[in-house]
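Engineer: Sequence:
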Amino acid sequence: MDTTKAGTPTGLLIAGEWRDGTSDAVVAVENPADTTIVAEVAAASAADVDAAVAAAVEAGPAMARLTEFERAELLHAVADLLDERADALAVQMTAESGKALAAETRDELVESAEIFRLAAEETKRLETHVMPSIERTKRVFTHRKPVGVYALLTPFNFPMNIPAELLAAALGGGNTVVMKPSESTPLSGSALAQAVADAGFPAGAVNVVHGRGDVGAALTTHAGVDGIGFVGSADTAEAIVRAAGLKRTLIEASGNGPQIVCDDADLARAAEAAVFGATFVAGQCCVATERLFVQESVKDEFLSLLLAAAAEPVLGDPMALDTSYGPVNNETVAARMDAHVADAVSSGATLLAGGARATGFASDLYWPLTVLDGVTSSMAAFREETFGPILPITTFTDDDEAVRLANDSRLGLQAAVFTSSLSRAYRYIDDLRVGTVLVNESTNFWEQHPPFGGAGGTRTGWGRIGGKYTLQDMTDLRTAVIDVR
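Under our numbering, the letters of the sequence shown match residues 16 to 500, in that order.
These aren't lab readings, by the way, just hints derived from the structure by calculation.
Derived EDC-like pairs: lysine to aspartate or glutamate, alpha-carbon spacing no greater than 20 angstroms straight-line: (1) Lys160 with Glu73; (2) Lys139 with Glu85; (3) Lys139 with Asp95; (4) Lys314 with Asp413; (5) Lys139 with Glu88; (6) Lys20 with Asp98.
Predicted, not measured: the structure shown is a model, and the values here were computed from it.
Go ahead and model the full structure; you've got the sequences and the hints to work with.
Structural biologist: Structure below.
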């Protein structure tokens with residue numbers, strides 16, 4: 016079994032051992048910046064998935080014997096190991112993802128370690144309740160237990176952070192895990208699992224299988240899997256939920272983040288936030304600024320500020336320290352950018368910046384920030400999650416129209432509103448159909464501890480990621496009644 020330059024194993028982790036797959040199939044990991052092959056990881060067969068799930072089932076009793084404080088201590092140990100390995104892992108993550116080393120991946124390593132520390136402390140506070148009974152001799156209380164074996168399927172855009180959010184909570188709750196990282200960025204997920212194993216969790220508490228959609232399907236439909244944690248596209252989420260049946264699921268799917276700029280806003284601040292929201296991780300973020308709504312009376316002034324701000328981020332080699340954002344991760348994303356820009360322009364939108372893949376780089380996956388004006392609700396850039404560095408601009412006349420336009424989407428994850436009016440801010444907080452409303456802050460704002468997820472009635476999923484809320488979602492709340500006569 017091979018390892019990468021960072022020492023990350025390229026095999027499958029099953030029952031505490033890294034091993035080759037039972038077939039000769041591999042998944043090549045391509046560097047988006049220059050198309051070189053970073054590594055080849057073993058692709059799991061159906062037999063490998065069976066073995067990984069069996070290992071997780073077998074490790075269940077050992078995990079159940081650990082107290083919450085013992086699990087917390089192990090989670091802290093994982094965080095310490097991630098900190099120790101951060102420099103090498105950040106370079107590895109940049110190579111497989113295309114994310115900017117200085118501006119993005121180093122921070123992701125720091126945040127991933129903090130996620131484990133937060134989960135450790137929240138694990139110690141998995142408090143429940145004693146409640147009264149109608150009978151004098153009864154004592155009623157609740158307690159939390161592991162769900163069992165969790166399958167975790169995660170995307171390429173945050174290849175360590177998102178797995179960490181699910182994995183830390185699953186382990187903190189006493190579950191065992193089989194992970195399938197994105198086939199585009201499998202190395203970061205494997206490095207995370209290696210840290211868990213090295214920290215001293217029982218063998219089989221975390222297992223890793225690599226592969227494409229067939230491996231994910233085999234895992235999520237497996238009879239030995241009790242729960243599923245998934246972050247990715249809404250279409251894939253729907254397919255998983257249909258196939259999973261009554262398995263416990265925690266789903267965080269696509270977003271189509273609106274940023275609303277009102278006529279009483281700090282326009283310069285709003286322009287900078289919109290640019291950051293569209294260029295962070297090259298726009299490949301579920302809370303990216305996917306739609307920009309600007310009040311008609313301030314549109315001209317705002318556009319001037321926006322175009323000035325749009326010229327500041329540096330698109331470049333992700334290993335270069337002055338790069339703000341690098342290439343998109345794969346051709347699927349780049350082709351979607353091609354299609355959405357072409358559709359908008361052909362349907363009457365005006366191109367103000369960008370508009371085509373950048374030349375002069377070692378791959379054709381570099382997309383500059385693209386600003387489109389006059390975007391309408393019939394255009395693909397409005398209706399769909401582009402997942403690239405794009406700012407489609409639509410004007411509105413009043414708050415009623417802004418709310419209607421923003422809610423004209425089935426992807427209700429996170430929204431931003433820029434206004435100096437507290438009453439106006441509360442109106443948007445109440446009326447926008449999203450899981451989180453941010454006032455005078457970029458759509459990309461995120462911290463580890465608040466609950467994060469979609470709104471009811473949308474295709475953005477259910478359950479909450481963040482701090483104690485993920486732990487609660489990934490444990491069973493059980494009730495006990497004792498007759499003390």
